[in-house]
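J.: As a plain string of letters, each chain reads:
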Amino acid sequence: MNAMSETAEPLVMTMSGINKSFGDFHVLKDCALDVPAGSTVVIAGPSGSGKSTLLRCVNLLEFVDRGSIIFEGQEVARERKRAFAIRRKMGMVFQSFELFPHLTVLENITLGPQHILGVDAKTARDEALALLERVKIPAKAEDYPESLSGGQQQRVAIARALAMKPRLMLYDEPTSALDPEMIKEVIDVMAELSEAGMTSIVVTHEMGFARRAADRIVFMEDGVIVEDAPTDVFFSSSANPRTRSFLEQLVH
Amino acid sequence: MNISFDLVLQYLTSPAFLRGAGMTLLLTGCALVGGIVIGLGLALLQDARAAALRSVAVAYVWLFRGTPVLFQIIFIFNVLPAVGVTLSGFTSAVVALSLNEGAYMAEIVRSGLRAVRQGQRSAGLALGMKNAQLMRFVVIPQALRVVLPSLGNQAIGMLKLTALVSVIAVEELLLVANQTASADFRYLEALIAAGFYYLAITTVFMFGQSWIERRLSTSRQARDKRISLTQRLLGATSSAGAIR
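Chains as they are written, first to last, in full-length UniProt numbering: chain A, 1 to 252; chain B, 1 to 244.
Worth flagging that the hints you see were computed from the coordinates, not collected in a lab.
A few of these clues could be false.
Only pairs whose alpha carbons sit at most 25 Å apart, straight line, appear in this in silico DMTMM-like list of lysine to aspartate or glutamate [what the hints assert, rightly or not]:
no.: 1; chain 1: B; residue 1: Lys130; chain 2: A; residue 2: Glu75
no.: 2; chain 1: B; residue 1: Lys130; chain 2: A; residue 2: Glu185
no.: 3; chain 1: A; residue 1: Lys89; chain 2: A; residue 2: Asp120
no.: 4; chain 1: A; residue 1: Lys81; chain 2: B; residue 2: Asp47
no.: 5; chain 1: B; residue 1: Lys130; chain 2: A; residue 2: Glu72
Note that the coordinates shown come from a computational prediction; the quantities given were computed from them, not determined experimentally.
Sequences are here, hints too, so could you generate the full structure?
T.: Structure representation (structure tokens):
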């Protein structure tokens, strides 16, 4: 685990007063969150609580109605025109992997660096192969995604995001679409990245990952951040009744 | 009636027939490209937010699918000059065939674009792609794979439709054959020569399509598998299951 709650670390991302509605549905209500450099923040909560929407707002895949998102010292919440440039500094991993099916594993990883960042082909390839080592599937470089297991696909998706050298990794329920026996291989990779100091926000139900890798856990319900506590406090002594009842349900 | 193979051979290698075949190919190519462009525009109109724009697309498809192509060709060549728009035979032919093809292409283009899931677009955007990059690297390559079998069918269909423009005196294959035949009174040989060209070109199209499909396929099995020519001739292209 990272150095516990070192408040001296600069903030990679901080948001406050976040409000977002889809039509009449008020999805996010006055959410605020700080993400210090090198930390891993897990967002948990029942489905429909707004966790994924919050993550998509951070990556500007959705735009907030009100509120502020400061990423690396810059206000980005309303940067519709420059959203593409800001997204290049964040990596995102989706529940359903979303690898590009018409490209090989290697091409999936080199596409971003080569065609978006303008890295030369050889460098992009070497870095991609190194990343495949890091996510422990070096032998699959020339295969197409459809021939990989779900766990392998998700690890390639992580490598694809890392290839852009992001300052912040966003995981949107990365293990929810996986068979139980594949969850561990993905969690291991994510935990190793967190331990190596990759700043991350992880929306997940996997409390095993949270215990192992999270510095803080944020609990959301009905679009409200109900609790934001250091990991050990969250699991051992949370006084919040909503958190307690959520944790009790998870045990079963 | 006896057939002179020498004469067939002579027609096949004559500059007139070669030019006719070339014109047929040129018409096919131009009209297909025109049809795809119009189809893309219509597909975007059909998915537009404004109801008025969607109505334009519906009216277009209704008009061009509801009248014979031959009618459209003759209309553009003979009626437009009355309102001050005079087009050459070739231009009229390309315009008419493109307009007609667009009505059919719209549905094909739309099915291709729809086949690319929203999550794929999100993944491209999350990598920091601009809209043009998203189209180029994510949407079009995947949509193309979906529509390729249909495009192949349309290409072959278009090749045959071009024979219709002989009525407005465009010197394509059928008109050349017909003129040659009536000059020499050798219909059999002239039509055999023309038929040979049509079959040769459709055959090349089929092989080309099968080659491209295999090249674009993402599974080894499908890339190694050949679809037999008979299967293609019988129109089994769109149901060639292994190809995505």
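J.: Hint by hint, say whether it matches the structure.
T.: Results for each hint:
Distance restraint check for Lys130 (chain B) and Glu75 (chain A): the Cα-Cα separation of roughly 20 Å lies within the 25 Å cut-off, and the hinted pair is therefore satisfied. Straight-line distance between C-alpha atoms of Lys130 (chain B) and Glu185 (chain A) comes to about 33 Å, which puts the hinted pair past the 25 Å bound. At most 25 Å may separate the alpha-carbon atoms for a hinted pair to count; Lys89 (chain A) and Asp120 (chain A) meet this at roughly 19 Å. Taking the CA atoms of Lys81 (chain A) and Asp47 (chain B), the gap is near 24 Å; set against the 25 Å cutoff, the hint holds.
Note on Lys130 (chain B) and Glu72 (chain A): the hinted pairing holds, with a Cα-Cα distance of about 21 Å set against a maximum of 25 Å.
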